[in-house]
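4 protein chains.
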Amino acid sequence: MTTLVSRERQAVAGDHSVGVAVIGCGYWGPNLIRNFFDTPGCHVVAACDLSETRLEAISRRHPSLAALTSVDDVLRDPTIDAVAIATPVNTHAQLAMRALEAGKHVLVEKPMTATVAEAEALVALADASGLTLMVDHTFVYTGAVRRIKQMIDTGELGNLYYYDSVRINLGLIQHDVSVIWDLAAHDLAIMDYLIAQRPTGISAVASTHFPGGMADVAYLTVRFADAMIAHFHVNWLSPVKVRQVLISGDRRMALYDDIESTEKVKVYDRGVRWNDDPLEARRDALVAYRLGDMFAPVLDQTEALRNECAHFIDCMRSGETPATDGHAGARTVRMLAAAERSIAEHGALVPLDD
Amino acid sequence: MTTLVSRERQAVAGDHSVGVAVIGCGYWGPNLIRNFFDTPGCHVVAACDLSETRLEAISRRHPSLAALTSVDDVLRDPTIDAVAIATPVNTHAQLAMRALEAGKHVLVEKPMTATVAEAEALVALADASGLTLMVDHTFVYTGAVRRIKQMIDTGELGNLYYYDSVRINLGLIQHDVSVIWDLAAHDLAIMDYLIAQRPTGISAVASTHFPGGMADVAYLTVRFADAMIAHFHVNWLSPVKVRQVLISGDRRMALYDDIESTEKVKVYDRGVRWNDDPLEARRDALVAYRLGDMFAPVLDQTEALRNECAHFIDCMRSGETPATDGHAGARTVRMLAAAERSIAEHGALVPLDD
Amino acid sequence: MTTLVSRERQAVAGDHSVGVAVIGCGYWGPNLIRNFFDTPGCHVVAACDLSETRLEAISRRHPSLAALTSVDDVLRDPTIDAVAIATPVNTHAQLAMRALEAGKHVLVEKPMTATVAEAEALVALADASGLTLMVDHTFVYTGAVRRIKQMIDTGELGNLYYYDSVRINLGLIQHDVSVIWDLAAHDLAIMDYLIAQRPTGISAVASTHFPGGMADVAYLTVRFADAMIAHFHVNWLSPVKVRQVLISGDRRMALYDDIESTEKVKVYDRGVRWNDDPLEARRDALVAYRLGDMFAPVLDQTEALRNECAHFIDCMRSGETPATDGHAGARTVRMLAAAERSIAEHGALVPLDD
Amino acid sequence: MTTLVSRERQAVAGDHSVGVAVIGCGYWGPNLIRNFFDTPGCHVVAACDLSETRLEAISRRHPSLAALTSVDDVLRDPTIDAVAIATPVNTHAQLAMRALEAGKHVLVEKPMTATVAEAEALVALADASGLTLMVDHTFVYTGAVRRIKQMIDTGELGNLYYYDSVRINLGLIQHDVSVIWDLAAHDLAIMDYLIAQRPTGISAVASTHFPGGMADVAYLTVRFADAMIAHFHVNWLSPVKVRQVLISGDRRMALYDDIESTEKVKVYDRGVRWNDDPLEARRDALVAYRLGDMFAPVLDQTEALRNECAHFIDCMRSGETPATDGHAGARTVRMLAAAERSIAEHGALVPLDD
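Residue numbers (numbering that gives the first Met the number 0), protein chains in the order written: chain S, 0 to 353; chain H, 0 to 353; chain L, 0 to 353; chain B, 0 to 353.
Mixed in with the good hints there might be a few duds.
To be verified - Listed below are the simulated DSSO-like cross-link pairs for lysine-lysine, each with C-alpha atoms no more than 30 Å apart in a straight line:
hint, chain 1, residue 1, chain 2, residue 2
1, B, 240, S, 240
2, H, 240, L, 240
3, B, 148, B, 240
4, H, 240, B, 240
5, B, 148, L, 240
6, S, 240, H, 148
7, H, 148, H, 240
8, H, 240, S, 148
9, L, 148, B, 240
10, S, 240, S, 148
11, B, 240, S, 148
12, L, 148, L, 240
13, S, 240, L, 240
As the list claims (entries may be wrong) - Computed spacing ranges between beta-carbons, pair by pair:
hint, chain 1, residue 1, chain 2, residue 2, range
14, L, 197, B, 350, 31 to 39 Å
15, L, 59, S, 289, 38 to 46 Å
16, H, 320, S, 87, 50 to 58 Å
If you're looking for bench data, these hints aren't it; they were derived computationally from the structure.
Note that CB positions come from ideal geometry on N, CA and C, so glycine has one too.
The following block holds chain S by itself, in its conformation from the complex (with noise of 0.2 Å):
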């Protein structure tokens, strides 16, 4: 890493239509491009890939679109003040450094690295430049995930027993990255942003079914200080595709089901009665709980990744840290890394020291 003077905060001016690029063409920059075509204060400048194929295909949708295979060329046109990346994870690292020391704010795709190394180098660049580097943890951005936010901490959840995850479906396996790197990272960056308090440590388990190939089933273990304990299913082997998120606390429950078409989010006042008398305890053992109103809020239906491109830019603009700064997304690599370290010491708890 280079020595790097620490700057000022490098503000976009205000009324300045900020130039976009994204690099990588694959599943994901389209999207990025499609939604940065659609939010106000910016303009896409360049699409950017390997492919010359893909390329094509961008440029037949958006003529107007600079298509390049040189990251250079990007990096080095002064119209170009931001840059998107979505390129495989073994290469976010390098681009989104190469970017930054290039003076572009950066967002890049989850997970922002492949490595803890990778993560810290590249925030302390980021913290030196005074870019905005912001991470694409997409679910942060949903009205469903923002509404539960709001309802831990304003206390309507009460101080939380646990945080219980599934993500399942039939996927392709594939070769460059497990089911932990894939899935999980929504998960642990969903959970990152919703409890404030940090994790002590991390567990998992996975299994890979195929020759040659990498864990496609996994379940992560995540410890606090105190009783909380947050727990994720990861699994590309499943007939049936399941996100649901239980969170419950002692005043209430929620269940965030992103399957539900509209009803996302349902908060249950329920909850248990402790009973200090073990003969009551006994007599009572299948009545003694707090059933109450169960109820639906309406939620904001926005798509997640237009959100968050306005996010991106308002950020440039204002200097503000983004939701899922470079941090968070740091926080979400170290995770993956010990759920992954963990794993090959055979489920071993790892410690997360932030």
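Guided by the hints, dock chains H, L and B onto chain S, whose structure is given.
Frame of chain S, contents of chains H, L and B only:
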């Protein structure tokens, strides 16, 4: 344990109605009484409990029963051939062993015993006695679990990838037993019945949210010699009731949802394709899985306990080994105890040598 | 009908345990017996049925009951204050009138009578007698229907747009009663309880699929003086069991799903906006409705029949008019008869003048 | 209507890419443009709309298209072989007839025309012209409806008992079209495709809740020569979105739920048994039905409009009659008009003579 001379199998004579006594008339005992009343080939002779209040309630409904407060009275009654034990778990071993020593066939509620040592002593005594020892692993006697067993045994699902079980609801925190010994006892017993392969180790994490209480949320992982993995989520602090098992194999994938009223078992003719060619894998990443029909077989709707009582009487008469015999009970207790030890060791993998 | 002298209200004295007899011990009678056993302030004296087999079954379970084959014996027994009639519908009127004439309070299964003339005669006799006549419109005594009534009465839903009811399942085609008199009797009784406004007419269509059988699929439409419309789908030939009512008003909309185990009633703070400007209407066509929170109130979970038996005993004691009195029974029978007439007239609208 | 000389079938030559124009660029037109772009064997030449604003939006996305405000310009362009009409329904007939007269093949949005007279004139002209007239009954081109058609045609369901359709949601009340012409048009078109037997009459009731508006809640009943009955519930004032069709036959019963993401069609091997013996009927009333497996066939997931566009181009080339030709469009319009007349006549049965 007294020294035992191995005896001939003591089957009940074919034309004799089996006399049954139920020991323990709390929550589960009355269900046993009701079902034995409806089971051909037997008759209920006595109910036994320390509480006179409970016995009175039983007598109002079943005035023909002898209501006994002393187990001795049950055990010395020659008209009683068999006892069903539905008392707190820490009394199971002693009561079951006394009953076997008195020459009674025994059905004992799950979990069979509170410790592995007790389980082994009880099984040894039962084996030596030639009497029937059966454990009340109720779900094994449901139409759903029976049908899944058939699917696995006939190869309909193929080689299994994983077994994922969730049993969560809102329950009163109990004093004398953790959520593992209460709920996971069901799930480990179901898995023990379904999966012929024996597990090699178990790890578990849990959380306790009430001072002086026992674990109320727990996650267990069971490992096998190959890539097969089993996982269990048991939880008393969930706002919603879920009872689901996913069993995926390389031929088909099954979902067992015990909450569904009719289609409890769904079989999906689905799978993933492993791409050997990395380029193709990337290109086809979103589509290359196999999607086929789903079907939900019609299931035997008989109450599980009814089937179980009939099976118990049949085994007594025929000398047949019960589907959930003492060995199944002991295997389940071994897993529960190993889970508990793993929790104490921060989730370390505890070996299981069968 | 005999001429009747109007009498004083004949309430049962407050400190006297009411003696109850149940006439008809087929499917429903045993449920009545069980619930009256558990109802404070009364005791079950006798069960009456033409079938000795049925009476024997009752006696085994309830040896204290007098098992009678003659209704005369019931009616002349001075220890019997009230009778519950659960016989085939064509016998209801005659039995209920004889019971009233014998000075007994009467609870009669739905539908109250087989014809409008019978219903009117029975109600006149009950009114004249000063005795309690109550109809077993069971669903009116559920927590769900009670809560919806409260919502409508307090204006939570606003002015009602429509009432849409579906009750379908797979049932055995019956010989003596059509799907309308069997299933729609429930639904019309629920609507009669919930909606204060009286309907002005009814139309119905039906289909009969078995030679010699009665209608097994039917659709009923109930009209009111204003734009409010009610519709009922009843069906014995459905592969799936559905029991749903939609009640939409201009303030909120409610869904009552009786199959749901816990959230049976959901209230949606939703509505549509009427665009006066045709141009705007076209432009905004897909978005201009109001979406708000949904909530599912906690409901009283007491068994409906338990509430109903208690209410019957209360009304006898207090002289209070039952929520489902003879007039409610007669209104329901009038709607059923009008539906039948409409079917015979190819769906013509048959007026209902209350 | 001009006098027409019957002409030879005018199929488009096999090796020529068909030129397509889309008339009407409001809600549906852009979907047609997008899908014709992706349909092999054709190319989109022009988009036509009265609104310059709409045309500009189209041009931004598809700069290669001619953007025309005059239909005359479309009709006189010799490079345009076919037009797709997605304008308000009251303009359909005139535009379609002018297009046919100009020698263009025609795809017209549903409902085909606003009146029966228009429908008949249009069909006559199309038949005489030898050109392809196809109606955009979109759902007919879904994998779900195709699979159900196959089930019915091969006798998998047996003789049909009934057809029950529900299509309800929360929609903006429209000014120029009732819920029947908007929503029931879909459902009657689906039924027309699925059921070979022709209906003999239709009755309908509806309610209008906004002054100056059109019907927003409606129920339609379609009668056949035998006991088969079809029923439709369409509704813009429902808090929940439901799109379900039940089709029960004497061999099997099917549920088509368009909201389900994967298992849209479920087939139940269930039925009822007709008891000839009244005594047995009463005794067995609750159990005598047949319960068998349920299965959900895998369905073609291609977007319906994609299939439909390809079918339109195929029919033009091959001279094949479209699955949803002008006659299907006319039958649907006849049912819609009959429903409207029945509503005006208080639900009277309006005969349909095909």
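Results of checking the hints against the structure:
Proximity of residue 240 of chain B to residue 240 of chain S is assessed by CA-CA distance (about 21 Å); at most 30 Å being required, the pair is judged to hold. Proposed proximity of residue 240 of chain H and residue 240 of chain L is supported: the alpha carbons are some 21 Å apart, at most 30 Å. Restraint check for residue 148 of chain B and residue 240 of chain B: satisfied, since their Cα atoms lie roughly 24 Å apart, inside the 30 Å limit. For the hint pairing residue 240 of chain H with residue 240 of chain B, the CA-to-CA distance comes to about 25 Å; that is within 30 Å, so the pair holds.
Taking the CA atoms of residue 148 of chain B and residue 240 of chain L, the gap is about 24 Å. The hint holds against a cut of 30 Å. Restraint check: the Cα-Cα separation between residue 240 of chain S and residue 148 of chain H comes to about 24 Å, which is no more than 30 Å; the hinted pair holds. Taken as a hint, the residue 148 of chain H and residue 240 of chain H pair is honoured in the structure, with Cα atoms around 24 Å apart against an allowance of 30 Å. At most 30 Å may separate the alpha-carbon atoms for a hinted pair to count; residue 240 of chain H and residue 148 of chain S meet this at roughly 24 Å.
In summary, the hint linking residue 148 of chain L to residue 240 of chain B is supported, as the alpha carbons are separated by about 24 Å, within the 30 Å threshold. Simply put, residue 240 of chain S and residue 148 of chain S have alpha-carbon atoms about 24 Å apart, close enough for the 30 Å limit, and the pair holds. With a C-alpha separation of about 28 Å, the suggested pair residue 240 of chain B and residue 148 of chain S falls inside the 30 Å cut-off, and the hint holds. Between residue 148 of chain L and residue 240 of chain L the CA atoms are separated by roughly 24 Å; this keeps the pair inside 30 Å, and the hint holds.
With a C-alpha separation of about 25 Å, the suggested pair residue 240 of chain S and residue 240 of chain L falls inside the 30 Å cut-off, and the hint holds. As the Cβ distance of residue 197 of chain L to residue 350 of chain B is approximately 33 Å, the hint placing it in 31 to 39 Å holds. A hinted range of 38 to 46 Å holds for the C-beta pair residue 59 of chain L and residue 289 of chain S, which are about 40 Å apart. Between residue 320 of chain H and residue 87 of chain S the beta carbons are some 56 Å apart, a value that agrees with the proposed interval 50 to 58 Å.
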